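There are 2 protein chains.
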Amino acid sequence: MIQQAIQSLHWDKSPQGLYEPIAYTLSGEGKRVRPTLLLTASKIFGCDEQKVMPAALAIEVFHNFTLLHDDVMDKAQVRRGRPTVHVKWNENTAILSGDQMMIEAYKLLAQLPDNYLPTVLRMFNKMGTEICEGQQYDVDFESRQDVTISEYLKMIEYKTSVLLATALQIGGYLAGATQTQQEALYAFGIHVGLAFQVQDDLLDVYGDPISFGKAIGGDICCNKKTFMLLNAFDKADVTSREQLYQLLQLPIDTPQQRSYKIKQVVAIYDALDVKQVAQAFILEQTNKACACLDQLPQNQFTNSLRELAHKLVNRNQ
Amino acid sequence: MIQQAIQSLHWDKSPQGLYEPIAYTLSGEGKRVRPTLLLTASKIFGCDEQKVMPAALAIEVFHNFTLLHDDVMDKAQVRRGRPTVHVKWNENTAILSGDQMMIEAYKLLAQLPDNYLPTVLRMFNKMGTEICEGQQYDVDFESRQDVTISEYLKMIEYKTSVLLATALQIGGYLAGATQTQQEALYAFGIHVGLAFQVQDDLLDVYGDPISFGKAIGGDICCNKKTFMLLNAFDKADVTSREQLYQLLQLPIDTPQQRSYKIKQVVAIYDALDVKQVAQAFILEQTNKACACLDQLPQNQFTNSLRELAHKLVNRNQ
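Protein sequences appear in the order of chains A and B.
First residue of the first sequence: 14, per the working numbering; consecutive thereafter.
First residue of the second sequence: 14, per the working numbering; consecutive thereafter.
Think of the hints as simulated: they come from the structure by calculation, not from any bench.
The model shown is predicted, which means the values in this text are computed figures rather than measured ones.
There could be a bad hint or two in this list.
All copies of an identical chain are treated as equivalent in the list; a pair is satisfied when it fits inside any one copy or across any two copies.
Derived EDC-like pairs (lysine to aspartate or glutamate); straight-line CA-CA distance at most 16 angstroms [claimed, not checked]:
hint, residue 1, residue 2
1, Lys167, Glu104
2, Lys167, Glu143
3, Lys26, Asp153
4, Lys238, Asp153
In isolation and in its complexed conformation, chain A is listed as follows:
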């Protein structure tokens, strides 16, 4: 349904140089998690899909806009198995088409009935701001050596959770959920997002390279300040902290150097039980998420959210 609605968006218009990259971006094989969350939240309250669809599409288009500009900033070459927009076209195209995609998201929002629009717009703006702030914190952390675990959690909350949470809240709001119910939906999204991201950090270290779909240890090689590394530093004594600092300096110019660095860092993670810390965190967040659902009407759609929460964090890819 959501996939069909996305495909029915009309991009075959002039100037093609502006709209083709948007069509390309939206035709990628995304999982459509965010609009699905919005629709599901609205269905808990018996809302008609058509009523909330513009908001679901706005969320998906905005999400894809952030991916487009993030890929430029990260100089990423591939997205969902295809060349990124700035590779297939060029950087200026990626910037301008991305800008237009953000406006398209607001145009979709503006299709909502006038009596709902102002509140949804304000939720959407808050979300957009926090996503940009999260992205900036992520950039800032690269050059900082004193990032705390709580700062990291705030960053991933902004960068990942807020979009899920706002999608759910908007779905509930449009369907007539009470303020408390909206807050429960929002909190569900925050907890699921945190669990999801830490699961991602965990899979980078302990995932199965086949099912994970990418090489293990990517975060370790680039010294990325993940939940794993920050907790390792947090749990380490003076000796193993010093050892970890030394390992971060190791070069990764050859495959041998890469695998040596990964192996050594993982050995420290193992010794410090970082895997268990991450698993406990994921479990805690998933439980908190599910507890939020208890505050909502119980039906097949609430169950869908519960299943989704478990699926997202029990995934191996």
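Given the structure of chain A, go ahead and fit chain B onto it with the hints provided.
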């Protein structure tokens, strides 16, 4: 008043890496033409400045966002006498802070009363889309040899006029102007914008380098498809068209080559009376703009718009 309102926007918040470039961009010495137009349009109908101020600020912030991203795409080094954001910081900062600036514009809009917000949001979205489309047309024209005058006019209408026109329309709408009056305000902005841009093209060729503040012939050197060049091609016979094509191929590696190319192209413009064509167009658009004002209540604020129209096109800088 508008300058004071812009300065009172609060950017001293975290993460600084995101907000400092926004503060920097907005602290530049802009003329604040667009928000002033919005305020003036609203005052024609006796509206209180405070009521429309969020929309005026939204327009100014959006305009500055477009300048920020345009400067990245154009690789411009200087804006309003200061280094551009991507020079002072870096490209990624300019992209992300620009994105946040667009969201800030929408946040300012969202401060409007709920009963006005949906309509203003839709006007704003339409404007944003046309500005992006105009920018894309401008890019497309660089590599096209068959750009017509009417295509050029549509491009500058989108890139320049629409922002002025929408500012005026929103000011009128918020102040209770009728649909017809809003359309007159919008049309005034379109005509003034066209006159303004063609005046810019004219000054690049026939301006006084001292008062214009930049070297004459910049557009000629980079073969920019301006109103002047497109009209020259339009008026030229086979011989002078061929001559013009030859001149466009000339190198501009040395100051001597630059001034030779400029001199030769201007000689063709002179022979073809392109200056008179441009002046006639500017006069026509200014007259059309002023005729729009006749449909509005006549008071000191309508007169301000009339004066502004004449000032913008009689400027020498």
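#### Entry: Non-conforming hints, listed in increasing numerical order
1
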